[in-house]
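Undergrad: In case you want the letters, here they are:
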Amino acid sequence: MKQLLRDLLLFFQRDLRIASTYRSPFILEAIEALFGATTFYYVARFVDSPALRAALPQGKTYFAYSLVGFVFFDYLNAALDTFDRSLQEARDAGTLEPLLVTQVSLPVILVGSAFYPFAATTLRIAVYLGWAAAFFEFPLRAANWPAVIAVLVATLLAFSGLGVLSAAYLLLFKRGNPAKWLILGVSSIAGGMLFPVDILPPWLQFVAHLNPVTYALDAMRGALLEGASLSAIARPLLLLLAFAAVLMPFSTVAFSWALRRTKVTGTLTHR
Amino acid sequence: MPDSAIILDSLEKWFPPALGGWKAYLQPFHAPTSPALRGISLQVKQGEAVALLGANGAGKTTLLRILATLLLPTRGSATLAGHDAVREPAEVRRNIGYHAGSDLGFYARLTGRQNLQFFGRLHRQTDEFITRRIGSLSEQLGLQNSLDRQARTLSSGTIQRLSLLRALLHQPNVLLLDEPTRSLDAIAAAQFRQFLKTEVLARQGTSLFFASHTMQEIEMLADRVVILEEGKLLAFDTPAALRGATASPSLEEAFARITGRRLQPAQESASL
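Quick mapping for you: the protein sequence lines, in order, are chains A and B. Sequential numbering from 5 applies to the first sequence in this note's numbering. Sequential numbering from 303 applies to the second sequence in this note's numbering.
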C-alpha cells in the first residue's frame with residue numbers, strides 16, 4: 005500500500021513539475037474563470053424572473069443553479085476524460101513503452117496520471133466559485149463542505165469507472181471516447197445541468213431518472229447551495245457509490261482484457 | 303542466478319491482419335494469420351552478448367518486445383533470468399533494461415536528469431542509488447553537460463544516449479537493445495560500443511541481446527549471432543563459425559549465403 009501511494013505520488017510530482025515549466029496558464033485560467041462567472045451572472049440576470057425562481061428546485065437564483073451545474077460538469081468531464089487522455093499523451097509522446105517496462109503496472113500509471121488533472125480541476129472550480137462569491141453574491145457561506153467533498157469523491161469514483169472503460173476502448177480502437185460522448189451528451193440535456201429535468205417531456209424525464217448525473221447534481225446543489233447534511237443527501241450518495249461498486253470492477257476487468265488483447269495483437273503503443 | 307540469461311522454447315508469434323477503416327470495426331477480433339516468429343528455440347548464457355541479425359521484418363523487434371513483456375507470444379515460452387515472460391512479467395522487468403532505438407520516450411519539458419530520476423524511481427531504486435548511477439553513467443556516455451537541459455532541447459543522438467542510460471540505470475542483468483546506435487554519429491557509436499564492451503559486458507557481466515544491422519557492431523560485441531529470416535531461426539553461432547561454415551570472408555557474406563539473399567555491389571559495405 006505504501007509503495008502504491010509512493011508510485012501515485014511520483015506521477016503527481018511529474019505532472020506538477022511539467023506544469024510548473026509553463027509560466028502563464030494558471031493566471032490565464034483564473035482570468036478565464038472570471039470571464040466565465042461574469043457571463044453566467046449576466047445571462048442569469050437576463051433570464052431571471054419570479055416564475056423561473058419558483059421553478060428551480062434548489063438555489064435562490066438561476067445564477068447559482070446554473071453555475072453549480074457548469075462546474076460540476078467540469079468535474080464530470082475530468083473523470084471521464086483523464087484516463088484515456090493520459091494514455092493517449094503517453095502513447096503519442098513515446099513514453100508509454102518506457103513506462104511499461106518499469107516495475108509499475110499500466111493501471112497504476114493511469115490512476116497516477118489522473119491525480120494532477122483532478123487536482124487542477126478542483127483548483128479551477130474553486131477559483132470559479134471564488135470569483136462568483138466575491139463579485140456576484142454566490143451563496144458560498146451556505147455550503148456544507150464535508151457533504152460537498154463527499155459528493156465530489158462519490159462522483160469521481162462513480163464516473164472514473166466510465167473513464168477507465170474509455171481508456172480500454174482507446175487501447176483497442178485507438179481513437180474516440182464514447183463514454184464521454186454519451187454521458188456528457190445525454191447529461192447536458194437530461195442531467196439537470198442548466199435547467200431542471202421537470203421541464204423535459206416525459207420520456208426524457210425517464211432518461212434523466214435513470215441517469216446517475218441527475219442524482220449527483222441534485223446532491224451537489226443541495227450540499228453547496230442549501231447546506232444539506234450528509235444524511236439529507238444519503239440517497240444520491242449511496243446511488244453513486246453503488247454505481248461505482250458495479251462499474252469499477254467491470255471497467256478494471258475490461259481494461260485488463262483490452263491490455264492483454266493489445267499485447268496479443270501488437271498494437272499496445274500504436275496510434 | 304540461473305546459468306542461462308534467456309531461454310526461448312519453440313517461441314511463436316502470429317499477428318492478426320492489420321485492418322483499416324470499417325473493417326477494423328466489423329472484425330475487431332480477427333484471428334492471428336501473419337507469422338512473425340516461428341518456433342524459435344535458443345539459450346543465451348549469463349554474461350553472453352548475442353546479436354540478432356536479419357532483414358527488415360525478420361522478427362528481431364518482435365522477439366525483443368516479447369522479452370520486454372510488451373508482447374505476448376502465441377505459443378512457446380520465453381524465460382529471462384529464470385522468470386517466465388508471460389507468467390512473471392514484473393520479475394522479468396526487474397531484470398531487464400530495454401532500449402527500443404527510438405529517439406522519443408522522454409518528457410519534453412523535464413530535464414534529462416528529472417526524466418532519469420522519475421524512471422529510476424519507477425524501477426524502485428533509491429534516490430541515492432539513482433544519483434550515483436546517473437553520475438557514473440553520464441560520464442561514461444558523455445552526457446554530463448546535457449543532463450540539466452530540458453529533453454526538448456536535446457539532439458536525437460543525445461536522446462538516444464539518454465535512453466541507453468535509462469536502460470542501464472537500475473543495473474539490469476539482461477540488456478535488450480534494438481538498433482542501439484541507429485541515431486548516433488560515427489564517433490558516438492564507436493564510444494558507445496566500447497562502453498558496452500568494457501563496462502557493461504566485461505566489468506558488470508550483464509547479458510546483452512541486441513538487434514543490429516551494423517556488421518562492425520556485431521563483430522565487435524557479439525559472442526554469438528542469431529540469423530533470422532521471415533521469423534525463422536536459420537543459424538545461431540559465433541561470427542567465426544558462421545563465416546567458416548559458409549566459407550565466407552565476412553559476416554555480411556555469411557549472412558547473405560545463409561539467408562539465400564544476393565548482395566548487390568552497393569550493399570557490400572559495413573552495414574546491411
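Be a bit skeptical, because a hint or two may be false.
[What the hints assert, rightly or not] Computed from the model, here is a short list of chain A residues facing chain B with C-beta under 10 Å: (1) Leu8; (2) Phe15; (3) Arg18; (4) Arg21; (5) Glu33; (6) Thr43; (7) Val47; (8) Val51; (9) Asp78; (10) Asn81; (11) Val108; (12) Lys267; (13) Val268; (14) Thr269; (15) Leu272.
Derived by calculation from the structure, the hints in this document are not laboratory data. Cβ atoms here follow ideal geometry from the backbone N, Cα and C, with glycine treated the same way.
Undergrad: Does each hint fit the structure? Answer for all of them.
TA: For each hint, the structure was consulted:
no.: 1; hint: Leu8; in the structure: violated, 12 Å
no.: 2; hint: Phe15; in the structure: holds, 9 Å
no.: 3; hint: Arg18; in the structure: holds, 6 Å
no.: 4; hint: Arg21; in the structure: holds, 6 Å
no.: 5; hint: Glu33; in the structure: violated, 18 Å
no.: 6; hint: Thr43; in the structure: violated, 32 Å
no.: 7; hint: Val47; in the structure: violated, 37 Å
no.: 8; hint: Val51; in the structure: violated, 43 Å
no.: 9; hint: Asp78; in the structure: violated, 24 Å
no.: 10; hint: Asn81; in the structure: violated, 24 Å
no.: 11; hint: Val108; in the structure: holds, 5 Å
no.: 12; hint: Lys267; in the structure: holds, 4 Å
no.: 13; hint: Val268; in the structure: holds, 5 Å
no.: 14; hint: Thr269; in the structure: holds, 6 Å
no.: 15; hint: Leu272; in the structure: holds, 6 Å
Going through the hint list in order, the structure does not satisfy hints 1, 5, 6, 7, 8, 9, 10.
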